[in-house]
Each structure stands twice: as C-alpha cells, then as structure tokens.
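*Asks:* Read off the chains here:
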Amino acid sequence: MPRRRRLRKVVAPPGFKGYKPYGHKENNRMVELNYEEYEAIKLADYDILNHEEASKLMGISRATFARIYESARRKIAKALVESSEIKTVFGNAHLDNDWFLCTSCHARFNQPESNTNACPICKTNNIEPIINND
Amino acid sequence: MNIVITSTGNTTDSKFDLRFGRAAYFCVYNTHDQSTKFIENENAEAQGGAGTKSAEKIIELDVKRVISGDFGPKAKELLDKFKVQMVMLDDGNSTIEAIINKIS
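First to last, the protein sequences are chains P and L. First residue of the first sequence: 1, per my numbering; consecutive thereafter. First residue of the second sequence: 1, per my numbering; consecutive thereafter.
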C-alpha cells in the first residue's frame with residue numbers, strides 16, 4: 001500500500017472556477033488544476049518565495065513542493081499550447097480556515113461561510129481569531 | 001436551520017456532552033419552529049471511527065451548525081468539507097435547555 005498523501009495546506013482557494021481561451025478553434029479540451037497546484041504557483045511566482053519557505057507554509061517537504069509546482073507549470077503550459085480550458089479542482093488541499101474565539105462567552109468556532117462577524121452563541125461581535133497550529 | 005447539540009441524555013434537562021463522536025445523544029434543534037429532536041448516537045460505544053461516523057450522520061441530517069466540546073481531527077476535516085460550522089464550548093455543566101436559550 002502506498003503511503004497516504006499528506007494534505008497540502010492552502011491559505012485561500014483560487015478566486016475563480018477556471019480560465020477559458022477565446023478566439024480559437026472550438027475544442028472540448030480541459031486541464032484540471034488542483035488547488036494545491038494553484039497555491040504552489042502563487043507562493044513561488046507571485047509571492048516570490050523559495051521552495052523551502054513555500055513548502056513549510058503548505059506543510060509538505062521541499063521535494064513534494066517542487067513536484068507539485070512542476071506539475072502545475074506543465075498543466076498551465078499544456079493549456080496555453082493546446083488552447084484548452086483550465087478548471088480548478090479541490091485535489092488534496094486542506095483549507096487553512098480560521099477559528100475564532102468569542103471573548104464574551106468563550107465559545108470557539110469556525111466560519112465556513114464567513115459573512116458575519118457575530119458569535120454564533122451570544123451574537124456579540126467580541127470575537128478574535130485563534131492561530132491554530134494543528 | 002438545524003443545529004445539533006451533543007447531549008448526555010434524551011431530554012432538554014440533560015447535560016451538554018463535551019465529546020462529539022462518542023456523545024450519547026444528538027439533540028437536533030430546529031430554529032424555525034423551535035422544536036427539538038433527540039437521536040441516539042449508535043457510535044457512542046464504537047471501537048474506532050466514532051468521530052467519522054458521527055460526522056457522516058450530521059451531514060445526512062442536513063445540519064448547518066454543531067455545538068460540542070471538541071472535535072477530533074477526522075471529524076473536523078469532514079465537517080469542514082461539507083461547510084458545517086463547528087462551535088466548541090467548554091462548559092460541561094450547562095443543560096441543553098440553557099444552550100438553546102442562549103442561541104435563540
């Protein structure tokens with residue numbers, strides 16, 4: 001049995017569902033870009049981190065990061081050359097979502113669909129983020 | 001909206017259960033008609049995987065929020081994926097009724 005895949009930490013999912021080429025001959029080609037691959041591109045080429053730092057942020061080894069980054073670049077290159085659509089898929093990502101603490105009633109909670117800033121128990125706005133390391 | 005509160009018994013006078021996967025009962029509280037329904041947790045005595053199985057049950061019940069003492073890593077992961085809000089309270093002495101009064 002192969003070793004289980006460690007989940008890759010992704011700070012924020014991509015803000016789009018995909019990219020489509022235009023002005024090309026119609027085709028149904030599609031490339032699936034995983035969230036962790038998007039994150040790798042973002043960390044290495046947008047935030048300009050080296051692979052060592054980036055891998056730590058994602059909770060994986062440097063070698064694994066390099067592999068994900070490589071695969072991401074190849075997928076994007078493939079999409080450009082073959083003028084195919086890019087679609088983002090969840091992959092093996094672990095979203096680094098935020099936990100909060102209510103300072104009024106000491107409830108701890110997360111906000112999966114965060115629009116409100118109120119505590120779900122006492123409805124006050126005295127909440128502060130918890131930095132969670134697990 | 002349905003909210004699940006983990007409970008040690010099957011009445012609203014029962015104490016709140018600090019465990020999630022091995023809670024004795026799940027109290028399903030409906031915020032629309034303010035009704036409560038108690039469901040026995042058949043995974044309470046399970047050898048392993050209680051957290052995962054309980055989380056699956058919560059997802060089946062179409063619940064948006066779960067109130068418990070703590071969640072194990074597997075249950076957390078699963079509930080996260082299905083966008084169920086988790087709330088952790090430390091007070092094991094409050095009753096289900098007291099918690100319902102607080103959130104309504």
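Keep in mind the hints are simulated off the structure, nothing from the lab. Don't take every hint at face value.
[Claimed, not checked] Which chain L residues stay away from chain P? Per the calculated CB distances, all over 12 angstroms, these:
1. Gly9
2. Thr12
3. Arg19
4. Val28
5. Asn30
6. Gln34
7. Lys37
8. Gln47
9. Gly48
10. Thr52
11. Lys53
12. Asp70
13. Glu77
14. Leu79
15. Gln85
[Claimed, not checked] Partner residues aside, some chain P positions facing chain L, computed with beta carbon under 8 angstroms:
16. His106
17. Ala107
18. Asn110
[As the list claims (entries may be wrong)] Only pairs whose alpha carbons sit at most 27 angstroms apart, straight line, appear in this in silico DSSO-like list of lysine-lysine:
19. Lys9/P x Lys74/L
20. Lys123/P x Lys15/L
21. Lys56/P x Lys81/L
22. Lys9/P x Lys102/L
23. Lys83/L x Lys9/P
24. Lys56/P x Lys76/L
25. Lys9/P x Lys37/L
26. Lys42/P x Lys15/L
27. Lys102/L x Lys123/P
28. Lys9/P x Lys76/L
29. Lys123/P x Lys53/L
30. Lys123/P x Lys64/L
31. Lys9/P x Lys53/L
Remember, predicted model here, so these are calculated numbers, not experimental data. Backbone N, C-alpha and C fix where the C-beta goes; we use that ideal spot for every residue, glycine too.
*Asks:* In terms of Cβ atoms, is chain P entirely out of 12 angstroms range of Asp70/L?
*Replies:* violated, 9 angstroms
*Asks:* Would the hint linking Lys123/P and Lys53/L be met if the CA-CA limit is 27 angstroms?
*Replies:* violated, 30 angstroms
*Asks:* So if I understand the rule, the pair passes when the alpha-carbon distance is 27 angstroms or less; does Lys123/P with Lys15/L pass?
*Replies:* Holds: Lys123/P and Lys15/L sit about 22 angstroms apart, inside 27 angstroms.
*Asks:* Taken at face value, is the distance from the CA of Lys123/P to the CA of Lys102/L at most 27 angstroms?
*Replies:* Distance ~9 angstroms between Lys102/L and Lys123/P Cα, so the pair holds.
*Asks:* Is Gly48/L truly not at the interface, in the sense that its beta carbon sits beyond 12 angstroms from all beta carbons of chain P?
*Replies:* For Gly48/L, whose nearest Cβ neighbour in chain P is about 17 angstroms away, the distance exceeds 12 angstroms, so it holds.
*Asks:* Lys42/P and Lys15/L: Cα distance at most 27 angstroms?
*Replies:* violated, 48 angstroms
*Asks:* Given the proposed pairing of Lys56/P with Lys76/L, does the C-alpha separation stay at or below 27 angstroms?
*Replies:* Measuring from Cα to Cα gives roughly 22 angstroms; hence the hint holds.
*Asks:* Lys9/P and Lys102/L were given as a pair; does the straight-line alpha-carbon distance stay at or below 27 angstroms?
*Replies:* Distance ~35 angstroms between Lys9/P and Lys102/L Cα, so the pair is violated.
*Asks:* Confirm or reject the statement that Lys37/L sits farther than 12 angstroms, beta carbon to beta carbon, from all of chain P.
*Replies:* Answer for Lys37/L: holds, closest chain P Cβ roughly 20 angstroms.
*Asks:* Should the label of Thr12/L as a non-interface residue stand, given a Cβ cut-off of 12 angstroms to chain P?
*Replies:* holds, 17 angstroms
*Asks:* Does Asn110/P hold up as a contact with chain L if the rule is Cβ-Cβ below 8 angstroms?
*Replies:* Where the cut-off is 8 angstroms and the nearest Cβ of chain L is about 5 angstroms from Asn110/P, the hint holds.
*Asks:* Lys9/P and Lys76/L: Cα distance at most 27 angstroms?
*Replies:* holds, 15 angstroms
Taken one by one, the earlier hints fail for this structure at numbers 12, 13, 14, 15, 22, 25, 26, 29, listed in ascending order.
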